[in-house]
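*Asks:* The hints should help you fit chain V onto chain Y, whose structure is shown.
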Amino acid sequence: ETGVTQTPRHLVMGMTNKKSLKCEQHLGHNAMYWYKQSAKKPLELMFVYNFKEQTENNSVPSRFSPECPNSSHLFLHLHTLQPEDSALYLCASSQDLTRGTGYTFGSGTRLTVV
Amino acid sequence: AQTVTQSQPEMSVQEAETVTLSCTYDTSESDYYLFWYKQPPSRQMILVIRQEAYKQQNATENRFSVNFQKAAKSFSLKISDSQLGDAAMYFCAYRSSPASSQGGSEKLVFGKGTKLTVNP
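So the sequences go chain by chain: Y and V. Positions 70 to 183 (our numbering) are the ones given, in order, by the first sequence. Positions 91 to 210 (our numbering) are the ones given, in order, by the second sequence.
If you're looking for bench data, these hints aren't it; they were derived computationally from the structure. Please note that a few of the clues may not be correct.
[Claimed, not checked] Each computed DSS-like pair below joins lysine-lysine, with the alpha-carbon atoms no more than 30 Å apart: (1) V:163 - Y:110; (2) V:205 - Y:109; (3) Y:91 - V:202; (4) Y:110 - V:205; (5) Y:109 - V:202; (6) Y:87 - V:168; (7) Y:105 - V:168; (8) V:168 - Y:110; (9) V:168 - Y:109.
Keep in mind the model is a prediction, meaning the values are calculated, not measured.
Isolated chain V (complex conformation):
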């Protein structure tokens, strides 16, 4: 079974600075998807960024970018120019590709999350 590990329970960053959140995962599959979700106090899980494992290019969405290291099974999230609104829980998640799942569920498997605080 796939597992996702976020080793930083909490992180803090100064407003306008850059912060990197770590995520590692364990899988025997070669094709899969990785996600970062943000959960602010409103509780709604919001998709931040998505990476397809077969793509070597790192995904980028405005101030958010990832460093995807497939061989190392690492998928870190970099937030540039941090804003107060970035304060939230951040969850890394893994999803099998239909081609890899061998008929199993393509469910999202989540890490425990990292609480990000942005200091003014």
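Extracted from the complex, chain Y is given alone in its bound form:
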């Protein structure tokens, strides 16, 4: 464990379902991120939160809805997804946005949309 915990590890959902992904860190970091990792593609940044405030939405469809209730927790709410949304969703955190440190990643949620 690196300090960033993601649940669930695997998720299978139908296109009409509503589900949520959870990310938690107790590293004292103030910035948190959602990335999408699809086969044979670079990791795609989805959302950035800094001190609970969303600072970036990388043109993500509205069927993905993030929530950051505090600096330690980040959620990704999913509804009416498409099969092409199947991917590994990675959460990461960093001290903040201003330092050149790397990110600490979780192990991801493997999402399959059927």
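*Replies:* Chain V alone, transformed into the frame defined by chain Y:
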């Protein structure tokens, strides 16, 4: 926008040998950070090494070292004395410095990755 290119989708190396993974990037900024991440089958992205662009000295972490060529915008990773546990996907990543980003996000931009196989 910055881009990161890893031209080797797959590489293989014999155990105990040395392998070099390539990475090039495109940027107009002068100050930034470069990273190599390792993603084993456990899926967790693990930071391997970090380089600050304003430092000419190449970063080193035990068996891992980089060859940073700023003018050529090249950032290769050398793994010495390869071990079976080094087998993984390796991702090169770029991050703007706050001074360069002009208020934009200091997000990590990743390459597509190189799959490294270590043969016993």
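*Asks:* Are the hints correct? Go through all of them and say.
*Replies:* Cross-check of the supplied hints:
1. V:163 - Y:110: holds (21 Å)
2. V:205 - Y:109: holds (11 Å)
3. Y:91 - V:202: Distance of about 25 Å is within 30 Å: holds.
4. Y:110 - V:205: holds (13 Å)
5. Y:109 - V:202: holds (7 Å)
6. Y:87 - V:168: Violated. Residue 87 (chain Y) to residue 168 (chain V) sits at ~45 Å, over the 30 Å cutoff.
7. Y:105 - V:168: With Cα atoms ~27 Å apart, residue 105 (chain Y) and residue 168 (chain V) stay inside 30 Å; holds.
8. V:168 - Y:110: holds (23 Å)
9. V:168 - Y:109: holds (23 Å)
Violated hints amount to a single one, hint 6; each of the other numbered hints is respected by the structure.
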